[in-house]
Amino acid sequence: MKISKAVQQWIKYARTDLSMAKASLGISSQYKNGAAFLAQQSSEKIVKAYLTSKKVRTPKTHDMELLLAEVARIDPVLAKRIAKAESLTVYAVTYRYPDAERKTLTVAKVKKAIQIADEVFEACLEAVKSS
Numbered sequence: 001m002k003i004s005k006a007v008q009q010w011i012k013y014a015r016t017d018l019s020m021a022k023a024s025l026g027i028s029s030q031y032k033n034g035a036a037f038l039a040q041q042s043s044e045k046i047v048k049a050y051l052t053s054k055k056v057r058t059p060k061t062h063d064m065e066l067l068l069a070e071v072a073r074i075d076p077v078l079a080k081r082i083a084k085a086e087s088l089t090v091y092a093v094t095y096r097y098p099d100a101e102r103k104t105l106t107v108a109k110v111k112k113a114i115q116i117a118d119e120v121f122e123a124c125l126e127a128v129k130s131s
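Going by the numbering used here, 51 is the number at position 51 of the sequence shown; the sequence numbering is gapless.
Honestly, I wouldn't trust all of these hints.
What the hints assert, rightly or not - Calculated cross-link-like contacts (lysine-lysine; reagent style DSSO-like; alpha-carbon spacing at most 27 angstroms):
{"#": "1", "residue 1": "Lys55", "residue 2": "Lys112"}
{"#": "2", "residue 1": "Lys54", "residue 2": "Lys84"}
{"#": "3", "residue 1": "Lys129", "residue 2": "Lys2"}
{"#": "4", "residue 1": "Lys129", "residue 2": "Lys80"}
{"#": "5", "residue 1": "Lys103", "residue 2": "Lys54"}
{"#": "6", "residue 1": "Lys129", "residue 2": "Lys109"}
{"#": "7", "residue 1": "Lys55", "residue 2": "Lys12"}
To be verified - DEER-style ranges, computed between Cβ atoms:
{"#": "8", "residue 1": "Ser131", "residue 2": "Ala69", "range": "31 to 41 angstroms"}
{"#": "9", "residue 1": "Gln30", "residue 2": "Ile3", "range": "35 to 45 angstroms"}
{"#": "10", "residue 1": "Gln8", "residue 2": "Gln30", "range": "27 to 37 angstroms"}
{"#": "11", "residue 1": "Ser29", "residue 2": "Val56", "range": "34 to 44 angstroms"}
{"#": "12", "residue 1": "Val107", "residue 2": "Arg57", "range": "14 to 24 angstroms"}
{"#": "13", "residue 1": "Ala69", "residue 2": "Glu126", "range": "12 to 22 angstroms"}
{"#": "14", "residue 1": "Ala23", "residue 2": "His62", "range": "19 to 29 angstroms"}
{"#": "15", "residue 1": "Ser28", "residue 2": "Lys80", "range": "14 to 24 angstroms"}
{"#": "16", "residue 1": "Asp99", "residue 2": "Val56", "range": "32 to 42 angstroms"}
Hints were generated in silico from the structure; no laboratory data involved. Here the structure is a predicted model, which means the values were calculated and not measured. Note that CB positions come from ideal geometry on N, CA and C, so glycine has one too.
The task is simple: from the sequences and hints, build the whole structure.
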């Protein structure tokens, strides 16, 4: 199946966010908040790529639980495979503003977020390519 331009765009942006998450954390742990945000953004965008490939209008949301519910209606197996993405929603907003300094975000948590984002990216990309 030919991948539409819209889906290709989502994939491109998801891939870029994932690469930037890895690179920024690799530069310095001071960029951990941004890296966590980019991991969430990558997962959000690759899930939206998958949904767009299935002709589902993607909601304007950062809520991974909501997006995964949409995936589950189409492909429960894929939804289960990427279920850990729900844990990334917190990084969409919580650590992006000045009051984030009161919350503890460890490098280990960010590395885990990036690992999850990597898994979500690969699973959704595979699903897009095989549909």
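TODO: Mind listing which of the numbered hints don't hold for this structure, in increasing order?
DONE: Numbers 1, 5, 6, 8, 12, 15, in rising order.
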